[in-house]
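This note's numbering numbers the first residue of the sequence shown as 1 and each following residue consecutively.
Just so you know, the hints here were simulated from the structure itself, not pulled from any lab data. By construction, the Cβ of each residue, glycine as well, lies at the ideal position given by its N, Cα and C atoms. Take these hints with a grain of salt, some might be off.
[Unchecked claim] Derived Cβ-Cβ restraints for the label pairs, each shown as a range:
(1) Gly-63 x Gln-29: 57 to 65 angstroms
(2) Pro-59 x Arg-22: 23 to 31 angstroms
(3) Thr-26 x Gly-78: 54 to 62 angstroms
(4) Thr-34 x Glu-80: 18 to 26 angstroms
(5) Arg-67 x Arg-22: 17 to 25 angstroms
(6) Ala-37 x Gly-63: 53 to 61 angstroms
(7) Thr-26 x Gln-58: 18 to 26 angstroms
(8) Gly-112 x Gln-29: 23 to 31 angstroms
(9) Pro-59 x Thr-26: 23 to 31 angstroms
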Amino acid sequence: MREGTLEQLLTEGGHVRVRVAREEVTRAQQALATLSAEPVTELGERGPGSGWLTVRVQPSEAGRVNRALAEAGIYAIGLEGGSDLESVFLSATAGDGIAGREAPAGPPLGWGQRPGAPA
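Model the full assembly from the supplied sequences, consistent with the hints where possible.
Shown next, in the form of structure tokens:
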């Protein structure tokens, strides 16, 4: 769980979105992987294969994102920075759930039975 002021949470939710040609998405993800501790993700809401990628860095780092792409021979078609609470929420809850963990235990043996009733 993350705590802090709205300003702190929005700072943590900072990102740069960059659009590249569809055929360059994989190479762009590799070129940008060293800029952030979190993986570079493709934006599904803009359509699969749209070429939009999200890099979890502060919006002021857009120049660094663009430079990393250019050094790999990839040129951005679009570039935008921003912060939003949705990004904070999604990164805070990523991987939550029961998958991969033990299922919760049920009630103790005999729970809810009347005394003397067969088990």
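Hints versus structure:
no. : hint                                 : result
1   : Gly-63 x Gln-29: 57 to 65 angstroms  : violated, 19 angstroms
2   : Pro-59 x Arg-22: 23 to 31 angstroms  : holds, 24 angstroms
3   : Thr-26 x Gly-78: 54 to 62 angstroms  : violated, 18 angstroms
4   : Thr-34 x Glu-80: 18 to 26 angstroms  : holds, 21 angstroms
5   : Arg-67 x Arg-22: 17 to 25 angstroms  : holds, 22 angstroms
6   : Ala-37 x Gly-63: 53 to 61 angstroms  : violated, 20 angstroms
7   : Thr-26 x Gln-58: 18 to 26 angstroms  : holds, 25 angstroms
8   : Gly-112 x Gln-29: 23 to 31 angstroms : violated, 53 angstroms
9   : Pro-59 x Thr-26: 23 to 31 angstroms  : holds, 24 angstroms
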